[in-house]
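Residue strings, one per chain:
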Amino acid sequence: MAVDTERTASFTDFFDEAEPRLRRALCVAFGRELGLEATAEALAWGWEHWEQMQQIDNPIGYLYRVGRSSVRTEWRRRSRRAPLFDAVDGERLPWVEPGLPGAMAALSERQRVTVGLVHGYGWTQQDVADLLHLSPGTIKNHLDRGMAKLRRSLGVKP
Amino acid sequence: MKLETQLRAYFEEFDATLEPLEVEQVTLQQVPGRQPPTMRRAVPGWAVAVAAFVTLLIAIGGAGLLFNRDVDETTPVTEPTTTTLVTTTIPSTTAPVTTAPPASTTVAPEPIPAPSVSQAPITWRRIEDTDATRFQDSPIEAITAGGPGFIAVGTEQAATADGGFAVDAVVWVSPDGETWERIDSPVFGAGAAELGDRIGQLGTQWMSEVVTNGDRIIAVGYEDYAAAVWTSVDGYTWERVVDDDLPPGTTDSYMDAVATYEGGFIAVGRHRGDAAVWLSPDGLDWTEVVNDDLRGDSDGQVSLEDVAAFDGGFVAVGDKGWANPGEGTETYELFLAFSQDGRNWERVPVVDELSGDLGLVLPPDMAERTMDGVAVVATEDRLFVSAAVGVGDGALFASEDGRSWQAVPVPEGPVQHFLGVWGDYLTTSLVTFDNGPRAAVRLTSGDMTEWLVAAIDEPAVFQTLVPLGSRLLAGGVYLGEDGEDFRGGIWIGTWDG
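The listed protein sequences correspond, in order, to chains A and B.
Count the first sequence with the working numbering and you get residues 1 to 158, in order.
Count the second sequence with the working numbering and you get residues 1001 to 1497, in order.
Looking at chain B on its own, in the form it has when it is part of the complex:
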C-alpha cells in the first residue's frame, strides 16, 4: 500500500477522534482542552513562567515576536497593555535605599489608594554565554549563594534523535556572579547510567531549586517522575540522594522547592494527588510528612510550589485544582498551609468564613483561572505570598504569623511570578510592557505604596532573583536570536548612582 494512502487512512481515523469546538465555548470563555486536574503534571517554575510569558506576549500581540521568522508575515496591530509610570526622583545612592521597617500588615477596610510605580535606576547586563557557561537551551531555575560563591541550577533541554526533547539537570557555579562554569556530573543526564536503571536516565530529570545551609548544598526536583534530591558540599561534585522516602523510580511525585531552617531542610511538592512535604536534618536522610491537611480532596488535587521558614514555623503555598463536571473546565485556588514544626500542618482557608476578612480570596475575575505561579518569601518581620493568575494578573498577600493574611494592593499591570528580598526591598519578577514585553523586577518597601520597576531590554522571564552585594543577580530564560527558542540566561542588575 502506498505511503500516501496509508497516511490518508490513518488520519481519517485520527480526525474522527478530534471533537470540534463550539463557538460558544470560545465566546463564553469556556475554553476546553486543558487537562483536568486529575491529569495535571508538575509544571516546573520556568515552564510556568515561560508559558505565562508566552501567553502574555500573545495577549499583547507578541506572538509575531516569537515566531516572526518569515519575511512575508503580517504583524498584528494589537496595542500592548502599558504600566503607567510616575516620574519620581531617582535615588542617588549606589545601593538599595535603606528605609524604615515596613508598617503593620493590618490593611484598613477603607479603599486604599493605588500604589504608584516609578522607574528604578537599575541597569541590566546579561552574562555572555561561552564554552564554559553553556547556558544554551537550559533555563536557569534558581540561584543561591553557596559553594564557591553562587550556585545556579536548571534544566537542560536537548533535542533527541527521535525528534523529541530530553530534559536533564544542570548546575553552574560562580565565584562572583560574573564568571560562571557549567558543572558536568555523572548524576546529571545520561552520564549516570552506571548508577542504576532509575538514576541519571537521559531526559528524565528536572532540577527546580537549590539552597545551602552552609555545610551542604541541596538541589531538588524530580527524576523519572520521582521526587529527587541532589547534594554537594562544594558545588562541583554532586551526588544523588537515595533514601527510603525518596525511592528512585516512578512514584508520581516531585519536589518543587526547598528551604533551610535551623533544623535542616524542608522540601515541598506533590505526591500523587496530595501536597507533599519532606524534612531532612542533614540533606541526606529524608522523611515524607503524612498529614491529612495536605491531602487533596476527593474532587481535586493539591500541589505545593514554594515553602518558607520563619520564626513562627513554616508556610507552604501551592494550588488546589478540580474539574468541573460537564463543563470541560477546571478551577484552581490558592492553597496555603501553615506548620509550627514542619510535621503538623493546617490549611489556612482561602475564605475566612468566621471573620469575613478578605484573606486569600482572589479577585473575582481570577477565581476560576489557573494559578500560574505561587511563591512565598519571609522577610524579617513579615511573610509574603504572591499568586500569578492567568494572563497578566497577580495578587500579593502579607502576614505576620502565617495564619492571618491580608491582600496587599499592587500596581496594575503584569503578573508577578517570584518573590525575593533585596536589602529592605521586597522584589517580584514580572514581565512589563513598557517599550515592548520585557522581563523586569518590581521592588517595594516600607508601606508598599510606592513601587519601582526595572526592566531589561529583551524578551525574557526572570525565574530567580538573589542579592549580589549592592547588585541583583537574576536567572531565567530569554528569547534567542532565532526568535523561536528560549535560552538560559543570567543577568546582573546594577543600581546606577
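One chain only, chain A, in its complex shape:
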C-alpha cells in the first residue's frame, strides 16, 4: 500500500508539470479533439510505465512522442476533412486575421507546433527543442519558415 501511495504521489507531481505542456503542445499539433485524446493516451502510458519513465532524461518530450504516435493514424485520416482549429471569433478578436486558423493548419506539423508554442503560448525555443527532441537551430528554422509561410498566406507584413 505504501508503495502504491508513493508511486501515485510521485506520478502526480510529474503529472502536474507535464499535463499542461503536453495538452497544449499536442492540441497545437493535432487540434483540440485529437490533441486531448493524445494527451490522455500519453499520460496513461506514462502512468502504466512510471517506473521506466522515471529513468528517462526528458519524460515530457518522450510522452509527447507517445501521444503523437497514438493518434498519428487517425490524424492522417482526418486532417483533410475537419478544421484543425476553431474559426476566429470576430467579435472578441476583431484584429485577428480570419484566415489564421486555416493558415496554421496548413503549416507542417513541426512548423505549427513551433509557431504555436513560441508565439501562441510564449514558450522559449529551447522549450520546444526539448519537447521535440530537436536542436535549437532546427527549431529556429521551423519558426522562421512557419512564420514566413503564415505571413504569405495571410498577406501580413513582417
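Quick caveat, the hints were computed from the structure, so don't treat them as lab data.
It is possible that some hints are incorrect.
Derived lysine to aspartate or glutamate pairs resembling EDC-like cross-links, with alpha carbons at most 20 Å apart [what the hints assert, rightly or not]:
#, chain 1, residue 1, chain 2, residue 2
1, A, K157, B, E1004
2, B, K1002, A, D144
3, A, K140, B, E1004
Residues on chain B that point at chain A, a partial pick, calculated with CB under 10 Å [what the hints assert, rightly or not]:
#, residue
4, K1002
5, E1004
6, F1014
Values in this document were obtained by computation on a predicted structure and should not be read as measured data.
All C-beta atoms in this analysis are idealised placements derived from N, C-alpha and C, irrespective of residue type, glycine included.
Add chain B to chain A, keeping to what the hints say.
This is chain B only, laid out in the frame that chain A set:
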C-alpha cells in the same frame, strides 16, 4: 496588428477551450478524450491495425522506434512482453502439413491447458517497391486470387498542398504474387473528376476489401462518406458501381468487407448508427438489407467489420459501442449476427443468458475496452471469430452453426487482427515481440492446442493473408527507412524444407 500578437490572442482563446485532465482520470484508467460512439467514424482495417501496432510499440517502449530520428533522443528502458516459445520439431515438408480434421468445437468446462507455441519454419521476403509497384505510402488492405492471378487493394495516402493528407483507392495486380503492377484508373483518385462531382474526388476514397466470384472482381470501401463498390472483370479496367442503394455522395455509410456466396456478393459495414448489409446477385445491382436486429440501440451504434458465408448461411461480426454518461468513456462489445439467407438477421447475444455458457463474453479485462479489430472466417467445418481488444489482447471463438459459439484458448501474447485459412491451418496475423516488435503469422490446426508463429524481420503489420500455393502471401504496412512513415508492402512467406 503584428502576427505574433494575433497568435498570442488567438491561442489564449484556444487554450481556454482545452479542458485539463485530472490525474485520477489517468491513474484510474478513465482515459477521456476519445470520441464517444456517436461521433465514431469508420476505421478501416489497416488503420486499426496500424493504430494497434503503434499502440503495441508504445506499450513495449517502441515509440522511440517510430520517431527515433534525432541522435540526442533518450531511449526508454521498457522491457518488451515476450511470447514464450517452446522448442518443437520443425516439420520437414515443404508445404503446410496436412493434419486430421479439427476436433469438435465443444469446449470442456474443465480448465484447458494453455496452448503451446513454437517457431514455424517460414521465411519472409518483402516484394521490392519499384516504379511498377508504387506501393509507397499505400497500405495494402486486402489481397485475393483473381484477375491475372492476384488482386491487391489499398488506400493511397498523399500529402496535399494545404498540409493535409488525401486518401484514394489503389489497386495492384500480379500474375504470380511475385511481380506486381499498380493499376491507374479514372475511377481512382482525382482522375475521375469527369465522372461527376461525387465520384473520384481526390482524397475521399477508401478501399478495404476485394473478392471475386470468378466472373467479376468486386472491391468495396467508401467514397465521400458513402459506401462504394468498384468492379472489374480482369483487374486492369475498373468501374465505379452506382446503384439506387449505393448513391454517390455523403450518406454516412461505408462498406468494410465483402464476401462471395453462391447467390452473389454480400457486403457489410455501417449506415449511420446501424450495422449495414448489402446483397448483390452480380456485383452491379445492390440492395441494402433493412433489419431490426442490425440497428443500433438508442444508447449506441453498431458497425460490421467482416462477413463470412458458409453452408448454413452467413455470419457478420463487428462491434457495438455506447457512451457512458458522465464518465467520459465508452464501452464496446462484440456484435455478431447470423442469417440463413442474408436478408433476415438475428443477433447472437454476447451473453447467453439461458445457458450461462461462455459464449462471446470477452475476458473481464477486455470488457470495457475498444474493439480494435473483429474478423470472421469459415473453414470447411467451422467458423472462427477473432476479436482484438486494446493493447495486446485478443480472443478467438469457434462455432459449427454460427449460432452457438465457444471461446478457443489462444497463446498468451499479442493481439490477433485478421483470420485466414492456409491448407489445414487457421492463420491469424499479429505483432510479436520476440526479438523486437514484428509482424507475424500464427497458425494452428487440429485441436488448436499447438500453435506455430512466423515473424518477419521488420516492424510491420499484416493486413491480409492468402495462400500462394505452398507459400503465404501477406499484405500490409511496414515502417519505412525514415522511421516515421508507414509504407505499403507485400511479403511472401516460404515454408523452409
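Tested hints:
no. : hint             : result
1   : A:K157 / B:E1004 : 11 Å, holds
2   : B:K1002 / A:D144 : 15 Å, holds
3   : A:K140 / B:E1004 : 15 Å, holds
4   : K1002            : 8 Å, holds
5   : E1004            : 5 Å, holds
6   : F1014            : 7 Å, holds
In summary, this structure violates none of the numbered hints.
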